[in-house]
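My request is simple: use the sequences and hints to build the entire structure.
There are 2 protein chains.
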Amino acid sequence: MSCESRAIDQLRESGVRLTPQRAMVLEAIYHNDGHLSVDEVHERVQQQSPYVDLSTIYRTVMFLKQQGVIGELRLDGQPVRYEAVRYGKEHHHAVCSTCGAMIEIDSVDMQELSDILTQKYGFAVNLIHLTLTGQCAACQAISP
Amino acid sequence: MSCESRAIDQLRESGVRLTPQRAMVLEAIYHNDGHLSVDEVHERVQQQSPYVDLSTIYRTVMFLKQQGVIGELRLDGQPVRYEAVRYGKEHHHAVCSTCGAMIEIDSVDMQELSDILTQKYGFAVNLIHLTLTGQCAACQAISP
DNA sequence: TTGGCAGTTGCGAACTTTTGCAACTGCGGT
DNA sequence: ACCGCAGTTGCAAAAGTTCGCAACTGCCAA
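First to last, the sequence lines map onto chains A and B.
So the number in the numbering used here is just where the residue sits in the first sequence, counting from 1, plus 12.
So the number in the numbering used here is just where the residue sits in the second sequence, counting from 1, plus 12.
Keep in mind that the hints were calculated from the coordinates and are not lab data.
Being a predicted model, the structure only gives us computed values, none of them experimental.
Certain hints may be false.
[Stated by the list, open to error] To list a few chain B residues with every Cβ distance to chain A over 10 angstroms, as calculated: (1) Asp51; (2) Glu55; (3) Gln58; (4) Thr145.
[Said to hold, decoys possible] Result set (DSS-like, lysine-lysine): computed pairs, CA atoms no more than 30 angstroms apart in a straight line: (5) A:Lys132 x B:Lys77; (6) A:Lys77 x A:Lys132; (7) B:Lys132 x A:Lys101.
[Stated by the list, open to error] The calculated label-pair distances, taken between Cβ atoms and stated as ranges, are: (8) A:Asp21 x B:Ala153: 26 to 34 angstroms; (9) B:Ser14 x A:Asp127: 38 to 46 angstroms; (10) A:Asp65 x B:Pro62: 37 to 45 angstroms; (11) B:His43 x A:Arg98: 33 to 41 angstroms; (12) A:Ile154 x B:Pro62: 43 to 51 angstroms; (13) B:Pro62 x A:Thr31: 43 to 51 angstroms; (14) A:Glu25 x B:Ile154: 18 to 26 angstroms; (15) B:Thr110 x A:Glu25: 48 to 56 angstroms; (16) A:Glu116 x B:Ala153: 41 to 49 angstroms.
Cβ coordinates follow ideal geometry from the N, Cα and C atoms, glycine included.
Spelled out as structure tokens, the structure:
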């Protein structure tokens, strides 16, 4: 079984269509530890199937993001990147605006926030993936 | 005194250059209660000064966002919008993915999250503006 | 008050992302 | 196993965003 099979099951259960293009995009992102840009996903998919169009990749990553099986990373001055949302390893990102370091924030640390929003606003937040900016410990020490 | 004067003071204190273009973009966004797209900002600025280029608007909103005096709203299927970050009225947004309703979340509700990140990761989050998605109370009642 | 220059601007061109549309296809119902 | 069609795809063209560069200008220092 491949590492994206849980995501595929999740899509099937949602009753959405599972096309080869979607499976290939999912595979490209899940079989990669880092974060892939749209172009990089396109390259990888084309190695398997050369006629998949870039616009399909755009539509597909948007779709997979909305389905909650991939997360989007949007950092100033960098192309948008996508990464797998792996069951049991859900996390968010904190990026240092000084040195660019990226810290992974465990999902459980967001639980408090989620509770507050439910209690105070009745809002059920969808905390699939979030990117925060700020300053890491090292950079605070240098220039507080 | 105009309502963006505090933001202007903040920029001056940061030691960045305060050009007429920047002042006009700031004015357009601060003299508006809603959220303006880049094009709308451009239109308003051009009414004052017709030769300001769209690319300048793009560069300026990015700059003002990084300075923390305006916030960015990025909703799927809509153009990116910008709004004033008013002193004492800082807030974040929660958007319902079902009905599109937008709730303003008070900044103090994020304090807990900020504390956790500082304690656990030593990371000083910059909570200028955040957009969360999820489901509002009404839509949860209809389709839980 | 003025001079110098690092940072900003307008313009054009490149690049990225979205969209309209006709052809195609996954998948539920028969 | 096959059918029908809502949803998806590839393509091409449009729209949105960024970039390179020469000219310009806030703002600091003298």
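Evaluation of the provided hints:
Residue placement check: Asp51 (chain B) keeps its beta carbon more than 10 angstroms from all beta carbons of chain A (closest about 20 angstroms). No Cβ of chain A comes within 10 angstroms of the Cβ of Glu55 (chain B); the nearest lies about 25 angstroms off, and the non-interface call holds. Distance check for Gln58 (chain B) against chain A: the nearest CB is about 26 angstroms away, which clears 10 angstroms, and the non-interface claim stands. The non-interface label for Thr145 (chain B) is inconsistent with chain A: the shortest C-beta to C-beta separation is roughly 5 angstroms, within 10 angstroms.
Using a Cα cut-off of 30 angstroms, the hinted pair Lys132 (chain A) and Lys77 (chain B) holds, with the two alpha carbons roughly 28 angstroms apart. Distance check on the hinted pair: Lys77 (chain A) and Lys132 (chain A) sit about 27 angstroms apart at the alpha-carbon level, within 30 angstroms; holds. About 18 angstroms separates the Cα atoms of Lys132 (chain B) and Lys101 (chain A), which keeps this hinted pair within 30 angstroms; it holds. Checked against the hint of 26 to 34 angstroms, the pair Asp21 (chain A) and Ala153 (chain B) passes, with Cβ atoms roughly 29 angstroms apart.
Evaluation of the 38 to 46 angstroms hint for Ser14 (chain B) and Asp127 (chain A) yields a pass: the beta carbon distance comes to about 40 angstroms. Range check, Asp65 (chain A) to Pro62 (chain B): Cβ separation about 40 angstroms, and the 37 to 45 angstroms hint holds. Checking the proposed 33 to 41 angstroms range against His43 (chain B) and Arg98 (chain A) shows it is violated: the Cβ atoms sit about 46 angstroms from each other. Between Ile154 (chain A) and Pro62 (chain B) the C-beta distance comes to about 45 angstroms, which sits within the given range of 43 to 51 angstroms.
Between Pro62 (chain B) and Thr31 (chain A), the C-beta spacing of about 48 angstroms keeps the proposed range 43 to 51 angstroms intact. Restraint check, Glu25 (chain A) to Ile154 (chain B): a C-beta distance of roughly 21 angstroms satisfies the suggested window 18 to 26 angstroms. Distance hint check: the CB atoms of Thr110 (chain B) and Glu25 (chain A) are about 19 angstroms apart, inconsistent with the given range 48 to 56 angstroms. Checking the proposed 41 to 49 angstroms range against Glu116 (chain A) and Ala153 (chain B) shows it is violated: the Cβ atoms sit about 35 angstroms from each other.
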